[in-house]
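Visitor: Residue-level listing of the chains:
There are 2 protein chains.
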Amino acid sequence: METTRSIGVTEVALRDAHQSLMATRMALSDMVGACADIDQAGFWSVECWGGATFDACIRFLNEDPWERLRTFRTLLPNSRLQMLLRGQNLLGYRHYGDDVVDHFVEKAAENGMDVFRTFDALNDTRNVERAIAAVKRVGKHAQGTLCYTTSPEHDIDVFVRQATELRDIGVDSIAVKDMAALLKPQVAYDLVKAIKDEMPQMQVNVHCHATTGVTLVSLMKAVEAGADVCDTAISSMSLGPGHNPTESFQEMLEGTGYVADLDKVRLADIKRHFAEVKPRYQQFMSSYTVETEIFDSQIPGGMISNMESQLKAQGAGDKMREVLEEVPRVRKDAGYSPLVTPSSQIVGTQAVFNVLMGRYQILTAEFADLVLGYYGSVLGEIDPDVVEKAKAQTGKEPITVRPADLIDNEWDQLAADAAALPGFDGSDEDVLTYAMFPKVAPGFFATRPEGPKNVGKDPAEVEAERVAAAAKDAGTGPVRTSIKYEVTVNGRKHSVAVDPA
Amino acid sequence: METTRSIGVTEVALRDAHQSLMATRMALSDMVGACADIDQAGFWSVECWGGATFDACIRFLNEDPWERLRTFRTLLPNSRLQMLLRGQNLLGYRHYGDDVVDHFVEKAAENGMDVFRTFDALNDTRNVERAIAAVKRVGKHAQGTLCYTTSPEHDIDVFVRQATELRDIGVDSIAVKDMAALLKPQVAYDLVKAIKDEMPQMQVNVHCHATTGVTLVSLMKAVEAGADVCDTAISSMSLGPGHNPTESFQEMLEGTGYVADLDKVRLADIKRHFAEVKPRYQQFMSSYTVETEIFDSQIPGGMISNMESQLKAQGAGDKMREVLEEVPRVRKDAGYSPLVTPSSQIVGTQAVFNVLMGRYQILTAEFADLVLGYYGSVLGEIDPDVVEKAKAQTGKEPITVRPADLIDNEWDQLAADAAALPGFDGSDEDVLTYAMFPKVAPGFFATRPEGPKNVGKDPAEVEAERVAAAAKDAGTGPVRTSIKYEVTVNGRKHSVAVDPA
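So the sequences go chain by chain: A and B.
Using the UniProt record's numbering, read the first sequence as starting at 1 and increasing by one per residue.
Using the UniProt record's numbering, read the second sequence as starting at 1 and increasing by one per residue.
No lab work stands behind these hints, which were simulated from the structure alone.
Even for Gly, the Cβ is constructed at its ideal location relative to N, Cα and C.
Don't take each hint at face value.
Simulated pairs of lysine to any residue, SDA-like, Cα-Cα distance not exceeding 20 Å [to be verified]:
hint : chain 1 : residue 1 : chain 2 : residue 2
1    : A       : K278      : B       : S287
2    : A       : K193      : A       : R5
3    : A       : K453      : A       : K193
4    : B       : K278      : A       : K453
5    : B       : K107      : B       : P152
6    : B       : K264      : A       : S297
7    : A       : K278      : B       : K457
8    : A       : K319      : A       : S309
9    : A       : K264      : B       : F295
10   : A       : K278      : A       : A268
11   : A       : K140      : A       : V32
12   : B       : K278      : A       : S286
13   : B       : K264      : A       : K264
14   : B       : K457      : B       : V32
15   : A       : K264      : B       : P77
16   : B       : K439      : B       : K457
17   : A       : K264      : B       : E463
Heads up, incomplete: computed chain B residues facing chain A, CB under 8 Å, no partners named [what the hints assert, rightly or not]:
hint : residue
18   : P77
19   : D155
20   : V158
21   : P185
22   : Q201
23   : Q203
24   : G213
25   : S238
26   : P245
27   : E251
28   : T292
29   : V467
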């Protein structure tokens, strides 16, 4: 018989799955119960940190993200812990000075991180160089990333060229990141094959979302083309805007000459754990559908809900269709960036502005920076008129250098600023928390002593609240004043108005 | 470039999708709005009748199933209409006399049916011979079926042998029917390849459910192996215990050398239609998950919920685990039948009986018939002790002939019986309705003049009912008697008990 090739699996339940399915709201306390099984199931790595989890921890959960990381390190002693890192943006939304990048990577490694999946929204490899060098310096696994997208500027050759740039920077592996589930099976095969042909020794990881319904097939094709590791989420935390089910991925491979050697009993236990936890987050759950329209619109689901709430806030909820048609044009005018944090938000918000106020009448500061090169370089031509408008509006000149070359070292200043905040604990980790989210961190430092807040709710509790609210609206309950009743007082009937006691 | 091969698609939204996702409850009135788009989308066929829909129409919807068929014929003038037919069982749950089979096929064809997917739960091809001959005689498309299952008795060679039997009977095509989503990608490839190698000209259709999460990959592999047509459901009626999404299937093929030539604009309209209809059937919806445990337990989802309700009715809801462990043993003792209607119900119910009353202390009449051969032959050995028990309990002898050989022609008697029923309209169609469901049909004939009943409910209506029920339970509303209030009557406060007016 043919030999079998072992395929690694990265389990994303602890990070991207709940980020995608329930707005990153899952509390650490709802994850710890699954950690022993996750640690023993045989995953290549466990993605559990980074992305939006840092932000959500301090913004919604009053939870110290560094403490979360240390807890995972303790509870997953046999696992490679993996994080998603936005290159020079780290986990924030601007480019940081190189010294902050170095500090962040050192502290993440020190607190237990093993695998740093590092990406740049524009696939500008200059924006990940510093972070990757820092990861290598601390002896951890540096994973470079290709954000997959489709446009007239993108083809297999382009991605292979970007992959060679990452190899030359010194990455230990390369991830194909398909955040919008656009990677169809044949392209998955061709892309992974082309990378492997170019660099046979390079480990290739494939990360697909499930939104369009086709990407488990894409993972199959990627494996056939030579992919080494695939990302999946345990079935009870899978599908919709999330990921393909871990158990299905394993079963899919049976008899194919590839094998994902995971412990099925452990998987069943992990599944059960999250099946029990999930209903507590119903209020944050995205609706659960397959959306193939994304192939044409290029607009990932999270971006649509973002734009919808922006429109509604402006009383223009009826303009959604115009905005959806505007997004591809704005993306073209900005040189065909992939749409992923933060470029998805920047392009989406500008499209909303264009529809509400006239095309490019007002540029957001971020969109102006994007077209002026302050986020890095893109593959396509940027519309010259839009560049002129950005210059006129901001007084800034376009740049072609690495954006962070224009940012001085800033650690000392950030440390000094953080030190002035009530509740600051003196650690470098706290400086980094402040550096990442200067508006949110002060409030978090102040309330941190109150301890983590679990925003999940018992479904019965949610139901009771709904009933109370509905009863109030409908006037079926005693909360409304002056309901007319027939009342018996001392044996006599009266028609009376009733107020709650 | 390589040539592309065109792959047909059978859309199952109008039959198996709502049977699988919402207990077959969808009313015709909720389907008509999608028919124009379905008719023009480019499907190879439209499955819209048979299976459990006939039963559900008269049992729950007060809808004449023959009228439903005629309506589809009118609204889908350009489409091949397809039905699922249980061979000698027709759409009922027993074997019928050959003359009834003939009448049924003739009437179905006359009312508009084009493609008869004909299966037997045991894959005993003697049980489909008569129906297939009848389909050929009326000049319609006769599709033979292999019910896919796994057991020590089942391998590729066995299925190919059954396929050659079907070919020899004269089928126009062969369907691989994977009702429990057990068909993994490699087996899908090997099985379709083996059938195509044996009979290159035979059209092969593949029908997979999505329950285990792997079967879109299986469809990809089946296509690579030569499959001609695959079954899918429009995305808003897909996944869970249902089927893979039609749009995803089409997109999946892009660039592979295979193409499903469907009209994407029509698909988007069909999707929207059912996305709007679906919430009305929330009360009937199965919970929506991926279940890979089925690979080990062999127990499809619908069967589990059946057994659960049987156990609960006996106050033995805590015995579920024992029953789940008993099913594979009962299946083995009965010679490894596939588990599909009616064998799934027969095996499942016997497993429940075994757990509740001791193993084979009591056999159901149906299980006794199964092990005595009255449903046909199975591949494995039937446990001799169980056969003895069945003989003792029923006084019947085992048979090896085709079961229907023991059934006399019965049309005249059925027609006479039906004619005596109030509301019988004198048609052969009514005779067939009575023949299929002799207990339900009389009630249906009586209430038919009231017209079809749409059991879907506006979500707001469901919510209002829930609130009212919850308010009653919680005592927050005036429906509960003797709530204590502070009441002001004539300016004086009283503590009183209140009853609703």
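Visitor: Taking the numbered hints from earlier one at a time, note which ones the structure violates and give those numbers from smallest to largest.
Guide: 3, 4, 5, 7, 11, 13, 15, 16, 17, 18, 19, 20, 22 and 23
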